[in-house]
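Participant: In order, the protein sequence lines correspond to chains A, B, C and D.
Numbers given in my numbering equal positions in the first sequence, counted from 1, plus 38.
Numbers given in my numbering equal positions in the second sequence, counted from 1, plus 38.
Numbers given in my numbering equal positions in the third sequence, counted from 1, plus 16.
Numbers given in my numbering equal positions in the fourth sequence, counted from 1, plus 16.
With a straight-line cut-off of 25 Å between C-alpha atoms, the simulated DSS-like cross-links for lysine-lysine are:
| hint | chain 1 | residue 1 | chain 2 | residue 2 |
| --- | --- | --- | --- | --- |
| 1 | B | Lys125 | A | Lys146 |
| 2 | A | Lys150 | B | Lys124 |
| 3 | B | Lys270 | A | Lys146 |
| 4 | A | Lys150 | B | Lys150 |
| 5 | B | Lys146 | B | Lys176 |
| 6 | A | Lys150 | B | Lys146 |
| 7 | B | Lys257 | A | Lys146 |
| 8 | A | Lys146 | B | Lys124 |
| 9 | B | Lys270 | B | Lys254 |
| 10 | D | Lys21 | A | Lys42 |
| 11 | A | Lys257 | B | Lys150 |
| 12 | B | Lys42 | C | Lys21 |
| 13 | A | Lys124 | B | Lys257 |
| 14 | B | Lys227 | B | Lys208 |
| 15 | B | Lys85 | D | Lys21 |
| 16 | A | Lys125 | B | Lys146 |
| 17 | B | Lys150 | A | Lys124 |
| 18 | D | Lys21 | A | Lys41 |
| 19 | A | Lys124 | B | Lys270 |
| 20 | B | Lys146 | A | Lys257 |
| 21 | A | Lys85 | B | Lys42 |
| 22 | B | Lys41 | A | Lys85 |
| 23 | A | Lys257 | B | Lys124 |
| 24 | A | Lys124 | B | Lys124 |
| 25 | C | Lys21 | A | Lys85 |
| 26 | A | Lys150 | B | Lys270 |
| 27 | A | Lys146 | B | Lys150 |
| 28 | B | Lys150 | A | Lys125 |
What the hints contain is simulated information worked out from the structure, not anything from laboratory work.
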Amino acid sequence: MNKKNVYMDHGATTPVRQEVLEAMLPFFSELYGNPSSLHAKGRDVRKAFEEARRVTAASLGVEPDEIYFTSGGTESNNIALRGAAKKHGSGHIITSSIEHHAVLDVCKDLEKQGFSVTYLPVDKYGLISMEEFESSIKPETFLVSIMAANNEIGTVQPISEIGAIAEKHKILFHTDAVQVVGQMPLNIKELNLDFLSLSAHKFNGPKGVGALYKRKGVKIDPLYHGGGQERKLRPGTENVPGVIGLSKALELAVGELPQKAEELAKLRNRLIEGLVRIDDVVLNGHPEKRLPGNVNVSFKYIEGESVLLSLDLHGIAASSGSACSSGSLDPSHVLSAIGLDHQTAHGSIRFSLGRGNAEEDIDYVLDIIPSIVDRLRQMSPIRKESC
Amino acid sequence: MNKKNVYMDHGATTPVRQEVLEAMLPFFSELYGNPSSLHAKGRDVRKAFEEARRVTAASLGVEPDEIYFTSGGTESNNIALRGAAKKHGSGHIITSSIEHHAVLDVCKDLEKQGFSVTYLPVDKYGLISMEEFESSIKPETFLVSIMAANNEIGTVQPISEIGAIAEKHKILFHTDAVQVVGQMPLNIKELNLDFLSLSAHKFNGPKGVGALYKRKGVKIDPLYHGGGQERKLRPGTENVPGVIGLSKALELAVGELPQKAEELAKLRNRLIEGLVRIDDVVLNGHPEKRLPGNVNVSFKYIEGESVLLSLDLHGIAASSGSACSSGSLDPSHVLSAIGLDHQTAHGSIRFSLGRGNAEEDIDYVLDIIPSIVDRLRQMSPIRKESC
Amino acid sequence: MYNEKVVEHFNNPRNVGELPDADAIGENGSFKCGDTMKIYLKVKDGIIEDVRFQTYGCGAAIASSSMLTEIIKGKTIDEALQVSNQDVADELGGLPPLKLHCSNLAADALHDAIANYKKKQGSVVKD
Amino acid sequence: MYNEKVVEHFNNPRNVGELPDADAIGENGSFKCGDTMKIYLKVKDGIIEDVRFQTYGCGAAIASSSMLTEIIKGKTIDEALQVSNQDVADELGGLPPLKLHCSNLAADALHDAIANYKKKQGSVVKD
Ligand SMILES: Cc1ncc(COP(=O)(O)O)c(C=O)c1O
Ligand SMILES: Cc1ncc(COP(=O)(O)O)c(C=O)c1O
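Based on the provided sequences and hints, a complete structural model is requested.
Facilitator: Listed below in structure tokens is the structure:
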């Protein structure tokens with residue numbers, strides 16, 4: 039079999055699609071003015087920039103003045119959480135134990151600053167419980183932040199139910215939708231959301247640019263100060279080409295939903311079915327409530343990075359929640375939170391599908407994997423019997 | 039006379055030069071991997087990214103692990119100042135009254151958080167006094183932040199003297215060098231600097247990317263949390279094309295110094311000489327200690343925005359420190375700090391020269407200006423006699 | 017930033033200058049932003065026959081001044097008194113929100129001129 | 017991430033498997049990262065005649081295991097005892113700093129095997 043190039047790490051990042059790059063290009067060397075400048079070179083760029091805001095807002099079904107452009111999902115999360123915390127001064131925050139570090143570690147830092155935080159546990163599928171959520175709400179709770187879908191195991195949370203409870207108790211609701219925007223249909227206005235974070239490079243837009251949706255009327259304090267751009271919430275000369283790229287990528291991605299999501303889910307299911315047919319391979323995450331492109335399995339008795347490396351030698355790009363691969367020694371907090379034992383967690387691999395993946399890619403992976411697994415298992419001192 | 043397109047707002051932003059855009063292009067759609075990914079697509083990008091860090095560091099004469107990539111000058115300033123403040127918990131900061139808002143407003147915010155701040159006054163040229171600086175140092179002073187050169191009036195501070203005093207008193211020294219990097223030669227290692235901020239779009243690199251130099255061994259606390267990129271000081275998926283562009287633009291710009299600066303200074307002097315020949319036009323900023331590309335003059339009896347607008351109608355892009363142009367009603371804090379009366383401040387215009395400007399541009403501007411000034415003065419109820 | 021009509025008035029302002037034989041002069045200035053307008057009226061039989069202005073200010077201030085003079089020329093004093101800042105901005109096809117205050121200059125200077133005119137005429141004009 | 021030599025050893029590890037008639041077996045595991053190595057030695061006249069390994073772990077752990085077996089094959093027990101984790105990493109042409117701990121596995125398992133071997137031989141080997 040010939041070595042192919044199969045990219046199945048769309049959860050990590052995606053290529054910029056051609057139409058997006060083309061939309062960006064004029065803004066490097068021709069339309070290069072600073073949008074804050076009063077002269078024609080500035081005004082032309084301001085116009086295009088605000089049009090990009092309009093397109094972004096329209097793609098999300100919100101108002102243009104509810105969109106703040108940032109440098110990515112991490113910054114969007116930090117601005118929302120820290121901004122709300124700074125505004126409130128003190129109080130209680132609720133989040134889940136499987137958030138991305140850009141939420142989880144912000145919460146830990148806020149604890150150091152005197153806030154109290156509840157980290158909701160999740161069940162074996164990665165779902166939080168609505169009862170536990172509701173009963174964790176205290177009079178001093180001002181914010182709940184629950185990710186729309188998990189980046190590692192793909193589990194999709196019931197954010198509309200969370201929103202309803204948050205509304206009932208009058209607490210702010212933030213969702214990290216970095217993995218969802220552009221991949222699944224989303225109706226912000228029906229979700230009682232106060233904040234939503236997104237990042238362009240997850241939906242075939244450029245790296246280093248994202249956005250925060252903040253519901254009109256919701257007040258937070260800025261973290262950084264400067265020239266007053268983005269209505270003072272995110273100062274600094276605007277990343278104009280990046281924002282143009284974000285808006286174009288989002289418009290295209292959302293325009294292709296829900297069909298694209300259905301196609302992706304078919305590929306995903308084909309891959310999952312093929313993988314779990316292998317002995318001692320288990321699916322991580324929820325069997326149905328999962329991102330259309332996310333496949334996460336654990337190969338028992340072997341370690342994730344060695345699987346990853348073997349896949350790489352066959353031209354397949356995937357990722358792992360394994361300790362060794364990230365340089366840290368512990369398996370990912372997500373895999374621990376869903377209750378995987380150390381060893382199963384270490385054998386986890388994520389294949390994240392996206393634009394450009396086709397059936398033949400799935401079949402190629404399914405053809406390759408058994409020999410990889412066999413080889414590594416034969417090398418392993420750990421056996422079914424011994425576990 | 040035909041309308042020309044003359045861009046003299048390089049202090050606001052600059053076009054991305056062709057070589058820089060070409061260096062960036064492969065990183066959108068071919069080399070699109072996430073530098074944190076372990077597979078080949080990620081490793082190739084990590085390699086290029088770290089090579090860009092090496093080039094950036096070499097261009098600045100520092101070590102690669104002293105460079106942190108950010109989303110721009112604003113973020114670099116915020117990370118340095120707030121990070122040092124967070125680390126120290128309390129204490130005293132010294133800055134100047136003519137800093138960019140990305141330093142000034144950070145200091146004001148830190149005051150709200152309990153830090154004390156001295157805002158050093160400047161003389162009529164925009165220079166701080168070394169005596170005042172040194173005598174403002176208290177036992178609890180931990181940081182001084184003085185910009186290398188002012189963005190409005192172009193005045194270059196004696197940062198090597200400031201550094202020597204900071205070293206003597208063992209306080210951290212940050213400089214906002216956003217207007218200096220790539221425009222003037224700079225030797226960080228001779229300057230006793232602990233932090234330096236720069237922004238790519240000021241030296242023909244892309245918007246939305248910058249860097250912070252942090253001297254090895256100096257410890258600050260991160261402001262934002264996330265995936266741990268940039269050694270946890272600036273988390274978030276890296277803006278790979280942006281960083282590649284920054285490093286290329288910096289390498290080219292620094293490679294062209296000091297010659298480029300001398301050429302620019304010649305053009306600058308030609309423009310200044312021509313302008314001050316007009317009645318009641320005064321130069322703002324220092325006659326010699328100024329950025330090679332900066333010209334800032336006040337046209338008495340007329341208002342800056344109307345000059346700007348008139349220039350714009352002739353295809354000339356400049357900027358103003360006038361109240362009306364920025365939407366705020368007060369004239370810029372810089373023009374106030376150098377002691378300009380309200381009206382002179384309101385009549386100020388900045389021409390900032392850069393790559394691509396030639397003698398004929400200067401001559402075109404000098405040809406056009408007198409009629410603009412005449413026309414507006416004839417319209418004005420304010421006269422020499424009445425002032 | 018500005019629409020075409022504003023730019024046109026800025027570029028070719030109507031009725032710029034002084035009126036040496038003005039029947040009334042009005043002035044208004046914003047201490048905050050420094051803009052200043054001076055308006056000169058020539059009134060005959062209660063009708064504004066001629067008008068001139070001088071303005072120190074931004075593009076919006078100059079265009080508003082010019083537009084105001086166009087609006088009031090030929091109007092009676094009492095009609096002119098009805099002209100509001102909003103009317104001037106509307107007639108210009110709108111101004112950027114941040115610039116609306118600049119258009120205030122013009123109508124306020126006019127009202128000052130009319131007040132001066134009435135003062136000069138004494139109680140005669142009072143009713 | 018890994019150099020060519022590491023990848024080559026990972027891809028074609030030497031001496032993988034068990035030795036049913038081993039004279040000594042050693043084992044080492046990192047509780048923290050979960051990596052585990054088992055090493056089998058066949059010793060004759062104090063010389064390591066044959067060696068096999070089984071490893072559960074990342075690429076660095078597997079490559080280090082393979083390299084270790086190559087290094088020690090044909091060496092005396094005492095020579096083998098001198099082999100350090102650093103030697104293994106050096107022989108591989110270096111490992112990423114974060115992965116150095118993975119190479120520790122191999123030499124430590126070997127030392128465990130040699131200790132077991134000596135124990136089995138009793139005091140005879142003691143001096
Ligand atoms: C002196 C100075 N500092 C900081 C900045 C902020 O840089 P940026 O807008 O790229 O964040 C600028 C430019 O706007 C500047 O001129
Ligand atoms: C769920 C989630 N949140 C936040 C982020 C951070 O986004 P970025 O790296 O673009 O800042 C990511 C991606 O890394 C993510 O998957």
